[in-house]
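Using the sequences provided together with the hints, build the complete structure.
One line per chain: the protein sequences are Z and E, in this order.
If you use this note's numbering, the first sequence corresponds to residues 4 to 116, in order.
If you use this note's numbering, the second sequence corresponds to residues 14 to 124, in order.
Possibly wrong hints are sitting among the right ones.
Said to hold, decoys possible - Which stretches of chain E does chain Z cover? Using the computed rule of at least three CB atoms under 8 Å from a CB of chain Z, they are:
#: 1; segment: 56-66
#: 2; segment: 114-122
Unchecked claim - Here are the simulated DSS-like pairs of lysine-lysine, each with C-alpha atoms no more than 30 Å apart in a straight line:
#: 3; chain 1: E; residue 1: Lys-116; chain 2: Z; residue 2: Lys-17
#: 4; chain 1: E; residue 1: Lys-49; chain 2: Z; residue 2: Lys-60
#: 5; chain 1: E; residue 1: Lys-64; chain 2: Z; residue 2: Lys-60
#: 6; chain 1: E; residue 1: Lys-72; chain 2: E; residue 2: Lys-49
#: 7; chain 1: Z; residue 1: Lys-17; chain 2: Z; residue 2: Lys-60
#: 8; chain 1: E; residue 1: Lys-49; chain 2: E; residue 2: Lys-83
#: 9; chain 1: Z; residue 1: Lys-60; chain 2: E; residue 2: Lys-72
#: 10; chain 1: E; residue 1: Lys-72; chain 2: E; residue 2: Lys-83
#: 11; chain 1: Z; residue 1: Lys-12; chain 2: E; residue 2: Lys-116
#: 12; chain 1: Z; residue 1: Lys-74; chain 2: Z; residue 2: Lys-12
#: 13; chain 1: E; residue 1: Lys-49; chain 2: Z; residue 2: Lys-12
#: 14; chain 1: Z; residue 1: Lys-74; chain 2: E; residue 2: Lys-49
#: 15; chain 1: E; residue 1: Lys-83; chain 2: E; residue 2: Lys-69
#: 16; chain 1: Z; residue 1: Lys-60; chain 2: E; residue 2: Lys-83
To be verified - Just a sample of chain Z residues kept apart from chain E, beta carbon distances all over 10 Å, derived:
#: 17; residue: Phe-13
#: 18; residue: Gln-14
#: 19; residue: Tyr-67
#: 20; residue: Arg-75
#: 21; residue: Gln-88
No wet-lab data here; the hints were simulated from the structure.
The model shown is predicted, which means the values in this text are computed figures rather than measured ones.
Here a beta-carbon is modelled for each residue, glycine too, at the ideal position from N, C-alpha and C.
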Amino acid sequence: NAGVTQTPKFQVLKTGQSMTLQCAQDMNHNSMYWYRQDPGMGLRLIYYSASEGTTDKGEVPNGYNVSRLNKREFSLRLESAAPSQTSVYFCASSDQGALGELFFGEGSRLTVL
Amino acid sequence: GQQVMQIPQYQHVQEGEDFTTYCNSSTTLSNIQWYKQRPGGHPVFLIQLVKSGEVKKQKRLTFQFGEAKKNSSLHITATQTTDVGTYFCAGFNQAGTALIFGKGTTLSVSS
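Below, the structure is given as structure tokens:
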């Protein structure tokens with residue numbers, strides 16, 4: 004049982020390049036989330052999907068897009084990467100929305116030069 | 014928007030000392046969750062509190078939810094080196110559909 008799987012684990016981009024972070028969960032959870040973590044800033048919510056077919060903005064959505072491809076998969080896209088998007092990105096899922104425990108992936112460390 | 018504030022940001026203790034981190038919200042929280050993140054790891058769920066004045070214990074960890082449901086605390090008795098990490102509290106966003114995290118308290122323990 005893999006839980007929440009994120010790919011890639013590490014990525015280095017140049018300013019202006021695009022990339023997609025992939026996230027998949029095998030727990031049949033309805034809700035999925037993308038957070039970013041920066042030193043001293045805690046975890047900030049980028050986008051979330053309360054259920055398949057819906058997505059909503061979180062605290063810091065600018066510069067990102069998301070796709071809830073199916074119940075299992077929730078991807079995060081950077082269309083034109085900026086150095087300010089250098090961060091560790093965590094995907095999480097929950098079976099009861101915000102009432103339930105969040106299960107996090109291992110994280111994806113992104114550096115934008 | 015809703016904010017969840019945590020203090021202190023950092024805390025260093027000697028092994029065996031107690032540790033407390035506090036979480037405060039400007040609005041009433043319907044529930045609050047606590048997570049622990051070990052260095053280099055990902056956040057792991059510890060507990061959820063729902064009721065006003067609720068107190069829950071997990072071995073040396075004691076979690077409290079304030080009477081007004083605007084604050085919460087995590088207390089660790091007799092810290093061990095295995096307690097090292099960052100502790101986060103999290104509460105609902107205004108829509109009640111996603112968790113908003115505090116900035117965390119990073120605990121270091123020297124033996």
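Hint-by-hint comparison with the structure:
no. : hint                 : in the structure
1   : 56-66                : holds (count 4)
2   : 114-122              : holds (count 4)
3   : E:Lys-116 - Z:Lys-17 : 28 Å, holds
4   : E:Lys-49 - Z:Lys-60  : 25 Å, holds
5   : E:Lys-64 - Z:Lys-60  : 29 Å, holds
6   : E:Lys-72 - E:Lys-49  : 15 Å, holds
7   : Z:Lys-17 - Z:Lys-60  : 25 Å, holds
8   : E:Lys-49 - E:Lys-83  : 21 Å, holds
9   : Z:Lys-60 - E:Lys-72  : 38 Å, violated
10  : E:Lys-72 - E:Lys-83  : 25 Å, holds
11  : Z:Lys-12 - E:Lys-116 : 23 Å, holds
12  : Z:Lys-74 - Z:Lys-12  : 22 Å, holds
13  : E:Lys-49 - Z:Lys-12  : 21 Å, holds
14  : Z:Lys-74 - E:Lys-49  : 27 Å, holds
15  : E:Lys-83 - E:Lys-69  : 17 Å, holds
16  : Z:Lys-60 - E:Lys-83  : 25 Å, holds
17  : Phe-13               : 13 Å, holds
18  : Gln-14               : 17 Å, holds
19  : Tyr-67               : 15 Å, holds
20  : Arg-75               : 19 Å, holds
21  : Gln-88               : 19 Å, holds
When held up to the earlier numbered hints, the structure conflicts with hint 9 and nothing else.
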